[in-house]
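In terms of the working numbering, the sequence shown opens at residue 60 and continues consecutively.
One thing to keep in mind: the hints can contain errors.
Using 25 Å as the maximum straight-line C-alpha spacing, the simulated DMTMM-like pairs for lysine to aspartate or glutamate come out as follows [said to hold, decoys possible]:
id : residue 1 : residue 2
1  : Lys272    : Asp355
2  : Lys272    : Glu359
3  : Lys141    : Asp70
4  : Lys110    : Asp225
5  : Lys363    : Asp225
6  : Lys362    : Glu118
7  : Lys367    : Asp225
8  : Lys349    : Asp70
9  : Lys296    : Glu188
10 : Lys221    : Asp355
11 : Lys110    : Asp193
12 : Lys296    : Asp225
13 : Lys186    : Asp355
14 : Lys362    : Glu202
15 : Lys362    : Glu188
16 : Lys367    : Asp355
17 : Lys77     : Glu188
18 : Lys144    : Glu202
19 : Lys272    : Asp225
20 : Lys77     : Glu359
21 : Lys296    : Glu118
22 : Lys233    : Asp70
23 : Lys144    : Asp225
24 : Lys367    : Glu180
25 : Lys363    : Asp70
26 : Lys233    : Glu359
27 : Lys141    : Glu359
28 : Lys141    : Asp225
29 : Lys296    : Glu202
30 : Lys367    : Glu118
Here are the computed distance ranges between Cβ atoms for each label pair [stated by the list, open to error]:
id : residue 1 : residue 2 : range
31 : Asp355    : Gly327    : 43 to 53 Å
32 : Ala99     : Gly327    : 38 to 48 Å
33 : Ile342    : Phe178    : 21 to 31 Å
34 : Pro143    : Ile342    : 35 to 45 Å
35 : Glu118    : Phe353    : 21 to 31 Å
36 : Ser192    : Val338    : 18 to 28 Å
Hints listed in this document are in silico derivations from the structure and should not be mistaken for laboratory results. If you're wondering where the values come from, they're calculated on a predicted model, not measured in any experiment. Backbone N, C-alpha and C fix where the C-beta goes; we use that ideal spot for every residue, glycine too.
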Amino acid sequence: MQEMQDMQRSDVYLTARKRQGMLGVSLCLFLIVWISVAYALGMLCSRVIPKGLISNSLETIIVSDVAQYLVALPVALLIMRKIPKVTTYKFSMSFTQFCGFFAVSIPIMYIGNFAGIAFAELLSGGKAENHVSDTIASGDILETFVFVVVLAPIVEEWLFRKQILDRLRVYGEKRAIVFSALAFALFHMNVFQFFYAFGLGLVFGYMYVRTSKLQYNIFLHMIVNLQGSVIAMWLQKQLVDKNGNMIDINQMKESELSQLPPGLILAGMYSMFMIAMLVIGVILLIRRRKYLVFFDAPLEMPKKIGRKSLYGTVGVISFLTVSIIFNLLMLFS
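Input sequences plus hints: build the corresponding full structure.
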């Protein structure tokens, strides 16, 4: 007890609280500015831009990205830049290791997706809709590729891994990875995607902490987003006939089976590949989890004190409170 009280009065603990609290303030401010500016821009666009000039999905994405990347992010960085980064060695990753991270991400995606849907249904009594998925599904493949597959992974990995982990890992790698994943999930503003994003955030965080090279994270993130958006949209089109009805292979004659469209065959091959990756990913999660490596950080504190120095700050509490409120508002909007 006395040792814990002495630790809470130490310079290391007080400095950690101050810096981690500032990080929480910057993320909280990021959210408030982002949502406020996006709302204002949305109102302005509805009055200025003629209807039909651009699609609703493209307008929604542009408004959100402008508010987030060009306004809110620079404001948050004004505070975040005051927190020093830790310098680390950089290590390369083999192709086999990268494929392992990809395989592990597959079961996490599926399990997280089912958990998110169940949780959203539970909170809303089955009335909530996944507005993000609806926006992506109603959009053009090219715009989805540019904004969701290319732009989002670059900015998100730079923020949630490079900026956050480089500032938090000095106080403990595990705690930094978990908080980075939590912030990443909450910033999606979508309860349906929360568990999905949190699980992937843990994978991305561990990958970055072990390599300190952002390109691996960005590439894996791009692949994940490609699967969940462009490929998902393409698959949906291959599984319906020209009348919009689902193709049922079981009811086809032998002569019809020999004339299946190439797109449907490719969709079947892709599904088999994903099932194989799912099985491999589950095996890796079970057998390789004990080989995860975490190094002692320069300023690492005991678990209880370390958690308090992060989650007990006004800044982080404010961020978590505001982000949870925004997520619930989006769920019921």
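Restraint status (C-alpha distance of Lys233 to Asp70 at most 25 Å): Roughly 22 Å between the alpha carbons, so the hint for Lys233 and Asp70 holds.
Pair hint Lys362 and Glu118, alpha-carbon separation not exceeding 25 Å: 45 Å, violated
Hinted pair Lys144 and Glu202, Cα distance within 25 Å: 35 Å, violated
Hint consistency between Lys272 and Asp225 [alpha-carbon to alpha-carbon, up to 25 Å]: 11 Å, holds
Straight-line alpha-carbon gap Lys296 to Glu202, limit 25 Å: 17 Å, holds
Status of the given 35 to 45 Å range, CB of Ile342 versus CB of Pro143: Between Pro143 and Ile342, where Cβ atoms are some 41 Å apart, the hint holds.
Cβ separation of Ser192 and Val338, checked against the hinted range 18 to 28 Å: This hint holds: roughly 26 Å between Cβ atoms.
25 Å limit on alpha-carbon distance, applied to hinted pair Lys233 and Glu359: 10 Å, holds
Hinted pair Lys363 and Asp70, Cα distance within 25 Å: 17 Å, holds
Pairwise beta carbon distance, Asp355 to Gly327, judged against the given window 43 to 53 Å: 49 Å, holds
Straight-line alpha-carbon gap Lys141 to Asp225, limit 25 Å: Holds - the C-alpha atoms of Asp225 and Lys141 are around 13 Å apart, at most 25 Å.
Holds or violated: Lys77 to Glu188, with C-alpha atoms at most 25 Å apart: 39 Å, violated
Of the numbered hints given earlier, the model fails hints 4, 6, 8, 12, 13, 14, 15, 17, 18, 24, 30 and 35; all others are met.
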